[in-house]
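Per our numbering, the very first residue in the sequence shown carries number 7; after that it's consecutive.
Hints listed in this document are in silico derivations from the structure and should not be mistaken for laboratory results.
Computed from a prediction, not measured in an experiment: that's the story for all the values here.
Glycine included, each C-beta is placed from N, C-alpha and C at the ideal position.
Be careful, since some hints might not be right.
What the hints assert, rightly or not - Ranges of calculated distance between the beta carbons of each label pair, as one might list FRET restraints:
| no. | residue 1 | residue 2 | range |
| --- | --- | --- | --- |
| 1 | Pro80 | Arg131 | 55 to 61 angstroms |
| 2 | Asp196 | Glu153 | 27 to 33 angstroms |
| 3 | Ala159 | Lys74 | 25 to 31 angstroms |
| 4 | Lys192 | Glu153 | 27 to 33 angstroms |
| 5 | Ser169 | Met130 | 36 to 42 angstroms |
As the list claims (entries may be wrong) - Below are the DMTMM-like pairs computed for lysine to aspartate or glutamate, each with C-alpha atoms no more than 20 angstroms apart in a straight line:
| no. | residue 1 | residue 2 |
| --- | --- | --- |
| 6 | Lys74 | Glu215 |
| 7 | Lys207 | Glu179 |
| 8 | Lys140 | Asp77 |
| 9 | Lys207 | Glu81 |
| 10 | Lys120 | Glu50 |
| 11 | Lys207 | Glu61 |
| 12 | Lys207 | Glu149 |
| 13 | Lys123 | Glu149 |
| 14 | Lys207 | Asp196 |
| 15 | Lys192 | Glu165 |
| 16 | Lys162 | Asp127 |
| 17 | Lys39 | Asp196 |
| 18 | Lys140 | Glu165 |
| 19 | Lys207 | Asp190 |
| 20 | Lys172 | Asp190 |
| 21 | Lys79 | Glu28 |
| 22 | Lys172 | Asp196 |
| 23 | Lys207 | Asp217 |
| 24 | Lys123 | Asp77 |
| 25 | Lys162 | Glu179 |
| 26 | Lys162 | Asp217 |
| 27 | Lys39 | Glu153 |
| 28 | Lys39 | Glu50 |
| 29 | Lys192 | Glu61 |
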Amino acid sequence: MKLTLTTEGLLDPRKLSAWSAERRRAIHAAVAKGMTSGGREVREAARAQMRSAFEVRRASFVSSMQTKLFDRKPERLPALWVGSRIPWLGIHTQGGTVSGNLLIPLLPGRIGPKRFKAVIDGLMRSGNAFFVEKDGRVLLMAENLQENAAQLARFKRAERQRSGVKRLQRGQEIAIAVLVRRVDLKRRFDLAAGVRGALPKLAAAIRHELDRL
Numbered sequence: 007m008k009l010t011l012t013t014e015g016l017l018d019p020r021k022l023s024a025w026s027a028e029r030r031r032a033i034h035a036a037v038a039k040g041m042t043s044g045g046r047e048v049r050e051a052a053r054a055q056m057r058s059a060f061e062v063r064r065a066s067f068v069s070s071m072q073t074k075l076f077d078r079k080p081e082r083l084p085a086l087w088v089g090s091r092i093p094w095l096g097i098h099t100q101g102g103t104v105s106g107n108l109l110i111p112l113l114p115g116r117i118g119p120k121r122f123k124a125v126i127d128g129l130m131r132s133g134n135a136f137f138v139e140k141d142g143r144v145l146l147m148a149e150n151l152q153e154n155a156a157q158l159a160r161f162k163r164a165e166r167q168r169s170g171v172k173r174l175q176r177g178q179e180i181a182i183a184v185l186v187r188r189v190d191l192k193r194r195f196d197l198a199a200g201v202r203g204a205l206p207k208l209a210a211a212i213r214h215e216l217d218r219l
C-alpha cells in the first residue's frame with residue numbers, strides 16, 4: 007500500500023530540478039527532518055488504529071508499529087515507511103483466506119502461537135495426542151494425565167466450563183483443538199485510514215522545515 011503527499015509548489019519535481027544542487031540538498035534535508043518529526047504523529051495514529059481494531063494484551067504488539075525514513079537517494083525526495091514486522095498483521099488489513107491443515111485451539115480466550123505450539127509438542131512427545139471425528143469435525147484430543155498437567159491446565163478449565171462439571175476424571179478425554187482446512191479472515195485493521203488521518207500533521211511538519219530555508 008502506498009500513500010503519496012501531493013507535491014505542489016516547491017516540491018514539484020519540475021520546479022525542484024530548477025534549483026541549484028546545493029538548494030536541492032537543503033530541500034531534501036528539510037523534507038527528511040519534517041518527515042522525522044511528523045512521522046511520530048503518523049506512528050501514533052497507526053498505533054491508535056491497532057488498539058481500536060484488536061484486543062491488545064501486550065504493549066509490544068502495539069509498539070511493533072514503527073516508522074522508518076528512507077532518504078539515502080539524493081536524486082529523490084525522502085519516503086516514510088509505516089508498518090510492523092509482525093508477519094500475520096498484513097492479512098488483517100485487507101482480509102483473506104488461510105489454507106492448509108490448521109489447528110484452532112478450543113479455548114474461550116487467546117493463547118499465543120508459541121505457547122500453543124509448546125502444548126502440542128509436549129502432548130506429541132508423550133504420545134498423548136490423537137484425532138477423533140465428532141459431529142462432522144475433526145478434533146485433537148488428549149487424556150487427562152498427570153504427566154501432561156502443565157500443558158493441559160488451560161484446556162481442562164475450558165472443558166469444565168463446556169461440560170459444567172467441577173472436576174474431570176483421570177484419563178478423561180479433553181478437546182484441545184479443531185482441525186480445519188481453511189480460515190476466512192475479514193478485514194479488521196484499517197491502517198490506511200489511520201495514516202491518512204495523520205497526513206495533515208505530517209505535511210505541516212514538512213512545511214515548517216521548508217519555511218525555514
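Is Lys207 within 20 angstroms of Glu61, Cα to Cα?
-> violated (27 angstroms)
Would you mind confirming whether the straight-line C-alpha gap from Lys140 to Asp77 stays at or under 20 angstroms?
-> Roughly 58 angstroms separates the two Cα atoms, so the pair is violated.
Please work out if Lys162 and Asp127 have their alpha carbons no farther apart than 20 angstroms.
-> Judged against 20 angstroms, a Cα distance of about 17 angstroms means the pair holds.
Hinted pair Lys140 and Glu165, Cα distance within 20 angstroms = Answer holds: Lys140 to Glu165 is near 16 angstroms, not above 20 angstroms.
Under the criterion that the straight-line Cα-Cα distance not exceed 20 angstroms, is the pair Lys162, Glu179 satisfied?
-> Holds - the C-alpha atoms of Glu179 and Lys162 are around 10 angstroms apart, at most 20 angstroms.
Is the hinted pair Lys207 and Asp190 satisfied, with a Cα-Cα distance of at most 20 angstroms?
-> violated (36 angstroms)
Pair hint Lys162 and Asp217, alpha-carbon separation not exceeding 20 angstroms | The hint is violated at about 65 angstroms.
Between Pro80 and Arg131, does the C-beta distance stay in 55 to 61 angstroms?
-> holds (57 angstroms)
Between Lys39 and Asp196, does the CA-CA distance stay at or below 20 angstroms?
-> Since the Cα atoms of Lys39 and Asp196 sit roughly 27 angstroms apart, the hinted pair is violated (cutoff 20 angstroms).
In this structure, is the beta-carbon distance linking Ser169 and Met130 contained in 36 to 42 angstroms?
-> 25 angstroms Cβ-Cβ, so the 36 to 42 angstroms window is violated.
Is it true that the CA of Lys74 sits at most 20 angstroms from the CA of Glu215?
-> holds (18 angstroms)
Can the restraint linking Lys207 and Glu81 be considered satisfied, given a maximum Cα separation of 20 angstroms?
-> It is violated: about 25 angstroms lies between the C-alpha atoms, which goes past 20 angstroms.
Hint compliance for this structure: hints 2, 3, 4, 5, 7, 8, 9, 10, 11, 12, 15, 17, 19, 20, 22, 24, 26, 27 are broken, all remaining hints hold.
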